[in-house]
Amino acid sequence: MDLQYSSDGIHVRELDLWLDPQISKPTAWISHAHSDHARGYSKTLIGTPATLELYRMRWPEDSDQPQRLIALEYEQSLDWHGAKLTCYPAGHILGAAQLLVEFGGQRLVYTGDIKLKAPLCGAATEIVPCDRLILESTFGLPIYHFLSRDEARDEIVNFARECLEEGATPAFLGYPLGRGQEVAYALGQAGIPLAVHGAIAKFLPDYERAGYSVPGWEPLDSKQVQGKAVVVVPGMRRLLEATGKDIRIAYVSGWARLDNARLRAGAEKLIPYSDHCSYAELIEMVSATGARHVDVIHGYTEAFAGILRERGIHAEAPAYARSRASEEEGVAQE
Amino acid sequence: MSATFDHLAEVLDRIANTSSRNRKLGVLADWLSALPDADLERGARFLCGEPVAGTGDRKLSIGHSILREAAVAATGFPIELFRLCHREVGDTSETIALLMEGKSAGESLSLAEAEQAYLRLFAERKTALKVELLQGMLERMRPKTTKYFLKVITGNFRIGMQQKLVEDALARATGAKLAEVRDAANRTGDLAQVARAARAGTLAALEMKLFHPLEFMLARPLDDVEDLVEPESWWVEDKYDGIRSQVHTDGGKVRIFTRGMEDTTAAFPDVVEALVGLPGSAVVDGELLAWREGRALNFTVLQQRLARKKVDASLIDKVPVVFVAYDLLYRDGALLLDAAIETRRQKLESLFEGVGLPLMVSRQWRLSSREALEETFTGARIRGNEGLLLKKTGSLYESAKRSAEWLKVKRPYGTLDVVVTAAEQGSGRRATLLSDYTFAVKDGERFLNVGKAYSGLTDDEIRELTRLLRSISKERFGRVTLVEPKVVLEVAFDGVQKSPRHKCGYALRFPRIVRWRKDKEASEIDGLERVRELYERSLA
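These protein sequence lines map, in sequence, to chains F and V.
First residue of the first sequence: 1, per this note's numbering; consecutive thereafter.
First residue of the second sequence: 1, per this note's numbering; consecutive thereafter.
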C-alpha cells in the first residue's frame, strides 16, 4: 500500500482514505475522539459508534457541510474500494479503535493512540497480526512504565481517603476526555463523594451509557469542595488553590512517571497511569503483531524507530506533524 | 535479621508523594522506631545522604559518569539513549532506576548489605572496578530500591526531606526531646551516633566534636527601618562582603569551613599561621576579607585567592586577607550556643586579646536610635562594607536558623531592566522547566548579554515563563534555548565587575530577579552605558 505522510495526515493513496486527517478530506477514518485526531468536516467519516457520538459533541452538524457518518462496531468489517476495513479496540479512551486495512494481499494496522493493558473504562485491546504497523510512540523511551488499572484505582482511592480523613480536599488533574472520566469512575465506584468539573462532566453520560457508572457525582462548585474529592482539568489547579482551602493535588498521567512532573503539574501526588502504551507495551505490540515494517509516528519517533531497528525490524519515523491540542496526554505538558 | 533498604525506599517514596510535613514525619518516625539498633544507625546515616561512616574528608568519588557507565553496562542500552532519557528525567539516580525496570534480578537488599556495598565502593580506588561493582548491584536489586540506593551516593534526595525533618523523626521515634536531638546533631555532626544515643537516652553525654562545621546562624533582611522594634536594644556591626567562615582551632590544629560546609583551610595559609597561635580550643564565627590599608577590598579581589590552586608568597602579598572574628561558639570544652551574645562577645574579645593582623575582632556598638541607623549605614558603606548587621541584646546563637534576632541591613547596589535572550533547563525538580535565564542590555540595536539569574520567581511564574519562552524560542542547543528578546525582567545585583565571560565586557554580581516586567518592552530596557556608569561608580 502506498502511504503518504504530510501535515494533513496519513493518506492511503490507493483507497483515497485519510487516517486521522488534520483538515477536512473526502474520506476519513477517525481512531478516537481526541481533538488532535478527530477534527474538521470530512465528507465521509468512519469510526466506532462511540467515537462518532463524541465527535459530534465537539463538531456539531453543520448544514453547509453535509457529512456521511459510517459507524463501524469493533470486529465489524466494511468493504471499501476493494479493500476490507476492520476495526478493533485500542483501549485508549471510550470508542478508541485500531483499523486493519486488508488490500492487495497486505495487512496494514493503524493503531491510532493505543493502550495495550486493560483500561479502567473501555474495551481491552486486541493484538491484530499484520505485515505493516503504523504505531504511536508517545511514551517510546525505556523510562516509561505505568501502573495497571487495579494499581491505579487503589492509588486514586487511597489518596482520596487519606486526604478526606485529614480534612483536606483531594483534587485530581486530568484532561477532559478519557482520564477525567476514568478517575471519576474509580472514585464513584469506591463510594467517595465527588465533584466533577464541567469540561469533564459533559462526557460522563457517554461513559455511564457504556456501562461505567459514577454513582453520586455532582457538578463542581469551587466554593463547596469540603468533604469531597474533585476531578478537574489541569487549568483549574490555581483556581482551586486560590480558595485558601487545604487542596491536595494528584496528577494521574503517563508523565507522572517522572518525579519532575511534581513541579510541572504543581502536584504532590504522582500516579503514573496512562491511556497510552508504556515502553514495554509498545515493544510487546510490535512483536505480537509480527509486523516486519513499522512506521513510528508520534512522540519519541526517531529514538523508538532506532530501538526497533536494533531488534531487526524495518522501522522508520516518517515526517508527520499532528496538531498540538494541549488537552490530550499525547502532547507533552509543560 | 536486618531491615531492608527496599522498605526504606518505600518510605522515601511516600515522603516524596505528600506535601504534608506531619505525614512525612509520621512515616519516617514509624520506620525509624521499628529498626533494630544497628540498623537505626545505618538508617539515620543513609537519610543524611552519607553512605559510609567516619570517612572524614574522603568521598565516595562516584559522579554522573561512573553511574552512567554502570547503567549502560547493566542495561545494554546505547549511551545516546541513556542521554536522551536522562534529559527527560533530569536526575541520574532516577533515570538509572527507571531504565533498570525489568532488567534486574529483583532481589531484596538489607540495610547491612547496602552498607557493605557502599564500603566496597568506597575502598575501591580504580574507576573501572567501581563501575563493575555498581553494575553488579544494579543487576541485583529492585529498581525501586536502586533509585534511593543511588541517591544516598549522590547525596541529594530532592523529596522535601531536610535534615531537620530527620532529626524531628528521630526524636519522635526514640522519645527524646527534639531540642536535645538537634543540639546533639549540631555538636557531633553525626546523626548515626545521635540516633543511637537518643534511643539509649544518653544524648547529653555526646561531646562536642571539633573540626566538623556547626550550622551557621543566619540573619533576616530588614527591608524597612521602620520595621525595627525597640531600636535601642540592638548591637550593631558592619556587614562584611567577604566569605563567611567558621574557624576551628585546638592546640595548633586549624580548620576553616565556609557556609557551604567546605573546608577552605588550604586557600589561606597566612591566616592559618596566625590562628595557630590562639590558646586552647575554640570555634569562631567570622568573615574572611581581602584587606589593605585599613579597609576591605572588593570581593572580586578576594576571589583571586580562591581561584588559585596554589597560594604562594606573591599572591599573599598581592591579595592580603584578614579574618574578622565576630562570634564565639565554643571555647575550651564548653559549647556557647546557649550563652547570651554579651557573654560570647566578652570571651571572644579575651581570646583575641593582643593579636594583630591578619586577625581582628569586628567592632561592635549599641544602636542609639532608629534615626541613627541611616547614618551608621552610610558609614559602613564608606568603610567599604556591605551594610550593617543588627544583633539583639541577650540573644543566643541560633544555629542553622535564619533568625529574627539577627537583622541585615543592605541595599542592592543597583537594579537594571534587562531582556531574556536564552533560557536553560533547571535540574532536579525544575528539570523540565526553563528556570535559568541569560539576560542582556541594549547597545544600540544589539542586545549584549550581561549575566544569568535563576532565583527570584515563584514556581507558578517559572511555569508561565517556560510556556512563553518555548513559544518564542529560536534555536536549541542541548539544555539551552535561545529565545526572541521579548521578556523583560528587573534584576537586582550587588556589584558590577569587568569580565571576559560576556561580550559586553562586564558581569553583575549575585544577580537575582526582582520581578517580571510584563509592562515593559525590550526597547525600554537599560543600555550598556548604564552598566558602564555603575562600574565606574564602584571604582570611585
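Because the hints were derived from the structure by calculation, they are not lab data.
It cannot be assumed that every hint is accurate.
As the list claims (entries may be wrong) - Derived DMTMM-like pairs: lysine to aspartate or glutamate, alpha-carbon spacing no greater than 20 angstroms straight-line:
| id | chain 1 | residue 1 | chain 2 | residue 2 |
| --- | --- | --- | --- | --- |
| 1 | F | Lys117 | V | Glu398 |
| 2 | V | Lys503 | V | Asp519 |
| 3 | V | Lys103 | F | Glu166 |
| 4 | V | Lys209 | V | Glu398 |
| 5 | F | Lys84 | F | Asp154 |
| 6 | V | Lys392 | V | Asp338 |
| 7 | V | Lys239 | V | Glu273 |
| 8 | F | Lys223 | F | Glu166 |
| 9 | V | Lys144 | F | Asp154 |
| 10 | V | Lys144 | F | Glu151 |
| 11 | V | Lys144 | F | Glu155 |
| 12 | V | Lys103 | F | Glu310 |
| 13 | V | Lys253 | V | Asp270 |
| 14 | V | Lys209 | V | Asp270 |
| 15 | V | Lys144 | F | Glu268 |
| 16 | V | Lys239 | V | Glu342 |
| 17 | V | Lys486 | V | Asp417 |
| 18 | V | Lys520 | V | Glu461 |
| 19 | V | Lys408 | V | Glu529 |
| 20 | V | Lys452 | V | Glu529 |
| 21 | V | Lys310 | V | Glu273 |
| 22 | V | Lys347 | V | Asp250 |
| 23 | V | Lys392 | V | Glu230 |
| 24 | F | Lys245 | V | Glu529 |
All values derive from a computational prediction rather than experimental measurement.
Hint-by-hint comparison with the structure:
Simply put, lysine 117/F and glutamate 398/V have alpha-carbon atoms about 56 angstroms apart, too far for the 20 angstroms limit, and the pair is violated. For the proposed pair lysine 503/V and aspartate 519/V, the alpha carbon gap of about 27 angstroms is over 20 angstroms, so the pair is violated. For the hint linking lysine 103/V to glutamate 166/F, the alpha-carbon distance of about 39 angstroms lies beyond 20 angstroms, and the restraint is violated. Pair hint lysine 209/V plus glutamate 398/V holds up; C-alpha atoms about 18 angstroms apart against a cutoff of 20 angstroms.
At most 20 angstroms may separate the alpha-carbon atoms for a hinted pair to count; lysine 84/F and aspartate 154/F exceed this at roughly 42 angstroms. Proximity of lysine 392/V to aspartate 338/V is assessed by CA-CA distance (about 14 angstroms); at most 20 angstroms being required, the pair is judged to hold. At most 20 angstroms may separate the alpha-carbon atoms for a hinted pair to count; lysine 239/V and glutamate 273/V exceed this at roughly 25 angstroms. Straight-line distance between C-alpha atoms of lysine 223/F and glutamate 166/F comes to about 19 angstroms, which keeps the hinted pair within the 20 angstroms bound.
With a C-alpha separation of about 19 angstroms, the suggested pairing of lysine 144/V with aspartate 154/F holds against the 20 angstroms cut-off. A C-alpha spacing of about 16 angstroms is found between lysine 144/V and glutamate 151/F, which places the hinted pair at or below 20 angstroms, so the restraint holds. In summary, the hint linking lysine 144/V to glutamate 155/F is supported, as the alpha carbons are separated by about 17 angstroms, within the 20 angstroms threshold. Only pairs whose Cα atoms come within 20 angstroms are accepted, and lysine 103/V paired with glutamate 310/F is accepted, the gap being roughly 18 angstroms.
For the suggested pair lysine 253/V and aspartate 270/V, the alpha carbons sit about 14 angstroms apart, so the restraint of at most 20 angstroms is met. Proposed proximity of lysine 209/V and aspartate 270/V is contradicted: the alpha carbons are some 25 angstroms apart, above 20 angstroms. A distance of roughly 19 angstroms separates the Cα atoms of lysine 144/V and glutamate 268/F; the hinted pair therefore holds under the 20 angstroms criterion. A hinted pair counts as satisfied when its Cα atoms are at most 20 angstroms apart, and lysine 239/V with glutamate 342/V qualifies at roughly 19 angstroms.
Using a Cα cut-off of 20 angstroms, the hinted pair lysine 486/V and aspartate 417/V holds, with the two alpha carbons roughly 12 angstroms apart. Between lysine 520/V and glutamate 461/V the CA atoms are separated by roughly 17 angstroms; this keeps the pair inside 20 angstroms, and the hint holds. Only pairs whose Cα atoms come within 20 angstroms are accepted, and lysine 408/V paired with glutamate 529/V is rejected, the gap being roughly 31 angstroms. For a cut-off of 20 angstroms, the pair hint linking lysine 452/V to glutamate 529/V stands: about 19 angstroms separates their Cα positions.
Straight-line distance between C-alpha atoms of lysine 310/V and glutamate 273/V comes to about 16 angstroms, which keeps the hinted pair within the 20 angstroms bound. Between lysine 347/V and aspartate 250/V the alpha-carbon distance is near 16 angstroms, which keeps this suggested pair within the 20 angstroms criterion. For the suggested pair lysine 392/V and glutamate 230/V, the alpha carbons sit about 10 angstroms apart, so the restraint of at most 20 angstroms is met. Using a Cα cut-off of 20 angstroms, the hinted pair lysine 245/F and glutamate 529/V is violated, with the two alpha carbons roughly 50 angstroms apart.
Figure legend: structure checked against the earlier numbered hints; hints not met, in rising order: 1, 2, 3, 5, 7, 14, 19, 24.
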